[in-house]
Amino acid sequence: ENNASEPTDYNQADVTPDAYFVPSGNPEHTDAQYDNSDDPVTLQQKIAELEAEIADVKARSNAEMYNFQKRVERETDNAKKYALEKFSTSLLEVVDNLE
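According to the UniProt record's numbering, the sequence shown is numbered sequentially starting from 1.
Don't take each hint at face value.
[What the hints assert, rightly or not] Once the Cα atoms are required to be at most 20 Å apart in a straight line, the calculated DMTMM-like pairs of lysine to aspartate or glutamate come out as:
no., residue 1, residue 2
1, K86, D96
2, K81, E93
3, K46, D56
4, K86, E75
Because the hints were derived from the structure by calculation, they are not lab data.
Given these sequences and hints, build the entire structure.
Structure representation (structure tokens):
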């Protein structure tokens with residue numbers, strides 16, 4: 001059962017990858033008009049944007065590390081206090097039993 005609308009030999013099909021491309025926007029514009037890779041002002045703007053992004057990521061990472069260190073210190077102090085409290089309670093029970 002061969003469907004008549006489908007080509008039987010796909011190598012001979014008249015379909016090219018460009019046949020499915022539907023340009024959006026104004027068809028008069030080409031990629032060459034938007035290629036500003038040689039424009040020093042555009043490159044400087046891009047560099048400034050990337051440097052700002054790097055500074056933001058660095059600041060966030062530093063803040064995250066600082067918060068992590070403080071959290072670890074707080075948890076360590078709490079663990080020590082809990083252990084000391086538990087030890088003191090146990091010691092008082094022993095002293096009470098000795099009396």
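Now the hints, each set against the structure:
Our distance criterion of 20 Å between C-alpha atoms is met by K86 and D96, whose separation comes to about 15 Å. Our distance criterion of 20 Å between C-alpha atoms is met by K81 and E93, whose separation comes to about 18 Å. As the CA atoms of K46 and D56 are separated by approximately 15 Å, the hinted pair is consistent with the 20 Å bound. Only pairs whose Cα atoms come within 20 Å are accepted, and K86 paired with E75 is accepted, the gap being roughly 16 Å.
Violated hints for the displayed structure: none, as all numbered hints are satisfied.
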